[in-house]
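Q: Listed below, chain by chain, are the residues.
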Amino acid sequence: EAQVTQNPRYLITVTGKKLTVTCSQNMNHEYMSWYRQDPGLGLRQIYYSMNVEVTDKGDVPEGYKVSRKEKRNFPLILESPSPNQTSLYFCASSSLRDRDNEQFFGPGTRLTVL
Amino acid sequence: QKEVEQNSGPLSVPEGAIASLNCTYSDRGSQSFFWYRQYSGKSPELIMFIYSNGDKEDGRFTAQLNKASQYVSLLIRDSQPSDSATYLCAVNDYKLSFGAGTTVTVRA
Chain S
1 EAQVTQNPRY LITVTGKKLT VTCSQNMNHE YMSWYRQDPG LGLRQIYYSM
51 NVEVTDKGDV PEGYKVSRKE KRNFPLILES PSPNQTSLYF CASSSLRDRD
101 NEQFFGPGTR LTVL
Chain L
115 QKEVEQNSGP LSVPEGAIAS LNCTYSDRGS QSFFWYRQYS GKSPELIMFI
165 YSNGDKEDGR FTAQLNKASQ YVSLLIRDSQ PSDSATYLCA VNDYKLSFGA
215 GTTVTVRA
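One line per chain: the protein sequences are S and L, in this order.
If you're matching positions, the first sequence starts at 1 in this note's numbering and goes up one per residue.
If you're matching positions, the second sequence starts at 115 in this note's numbering and goes up one per residue.
The hints are simulated quantities; they were obtained by calculation from the structure and are not laboratory data.
A virtual CB, placed ideally from N, CA and C, is assigned to each residue, including glycine.
Among the hints, a few may not be true.
Claimed, not checked - Computed beta-carbon distance windows for the label pairs:
| id | chain 1 | residue 1 | chain 2 | residue 2 | range |
| --- | --- | --- | --- | --- | --- |
| 1 | L | A182 | S | K17 | 31 to 41 Å |
| 2 | S | R110 | L | E159 | 28 to 38 Å |
| 3 | L | A182 | S | E62 | 35 to 45 Å |
| 4 | S | P39 | L | N136 | 46 to 56 Å |
| 5 | S | G63 | L | E117 | 19 to 29 Å |
| 6 | S | P107 | L | D172 | 19 to 29 Å |
Said to hold, decoys possible - Pulled from the structure, derived: some chain S residues nowhere near chain L, Cβ distances all over 10 Å:
| id | residue |
| --- | --- |
| 7 | I12 |
| 8 | T13 |
| 9 | G16 |
| 10 | N26 |
| 11 | S33 |
| 12 | S82 |
| 13 | P83 |
| 14 | N101 |
| 15 | L114 |
So here's chain S without its partners, still in its complex pose:
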């Protein structure tokens, strides 16, 4: 089954404790992206990647890191989480060869930083 998976789905942590949210897709997509979703603000892009070893900042990259060492994986790293990073996070992937560029979303990770 074609899918984007994220782990963990729920996470409660404390300020300053490094964490990683994993994202993996099995569709051989070149493009992967991380979004955060907050009430009234819609989906805001954090980082995206056009291919292996190619990453770039989105609209709200501060406080986040990413890496793209393999095509299928795109982990999101919070080196020192703060309460303002409490949010719902989505990973997405798409094929750059398709004009419709449909983005397939993972199930989301709800993060709470105390």
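Please arrange chain L on chain S, whose structure you already have, making use of the hints.
A: Just chain L now, with coordinates in the frame of chain S:
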């Protein structure tokens, strides 16, 4: 100015009526436009995309694009309670930019 603006809602319509959702975008060079549906607590799912000026119909959904006015809309005909969700407009330049979403409630 925000790149993609949607009517704020919430929008409440009776079952069987037409729900009309609007979206404007700031980049005149944008080429691809998408409507996603998101149920509460779930991930967004694509319902329609449109590239060319005019209307595109898919079942009960019709997307309308007017590039001169930088405007894209979504009509939901014969609205059903299962259409109750948040609808996200997205514009694809080199990346996908989303509007804040419009929440639709269909009253039975």
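Q: A separate judgement is required for each hint: does it hold in the structure or not?
A: Now for the hints, and whether the structure bears them out:
1. L:A182 to S:K17: 31 to 41 Å: violated, 51 Å
2. S:R110 to L:E159: 28 to 38 Å: violated, 18 Å
3. L:A182 to S:E62: 35 to 45 Å: With a Cβ separation near 37 Å, A182 (chain L) and E62 (chain S) satisfy 35 to 45 Å, so the hint holds.
4. S:P39 to L:N136: 46 to 56 Å: About 21 Å separates the Cβ atoms of P39 (chain S) and N136 (chain L), which means 46 to 56 Å is violated.
5. S:G63 to L:E117: 19 to 29 Å: holds, 22 Å
6. S:P107 to L:D172: 19 to 29 Å: holds, 25 Å
7. I12: holds, 17 Å
8. T13: Holds: least Cβ distance 20 Å, greater than 10 Å.
9. G16: holds, 28 Å
10. N26: holds, 16 Å
11. S33: Nearest chain L Cβ is 7 Å from S33 (chain S), so the label is violated.
12. S82: holds, 23 Å
13. P83: Holds, because the least Cβ-Cβ distance between P83 (chain S) and chain L comes to about 21 Å, which exceeds 10 Å.
14. N101: Non-interface label on N101 (chain S) violated, nearest chain L Cβ at 6 Å vs cutoff 10 Å.
15. L114: holds, 21 Å
Violation of the numbered hints given earlier is confined to hints 1, 2, 4, 11, 14; the remaining hints are satisfied by the structure.
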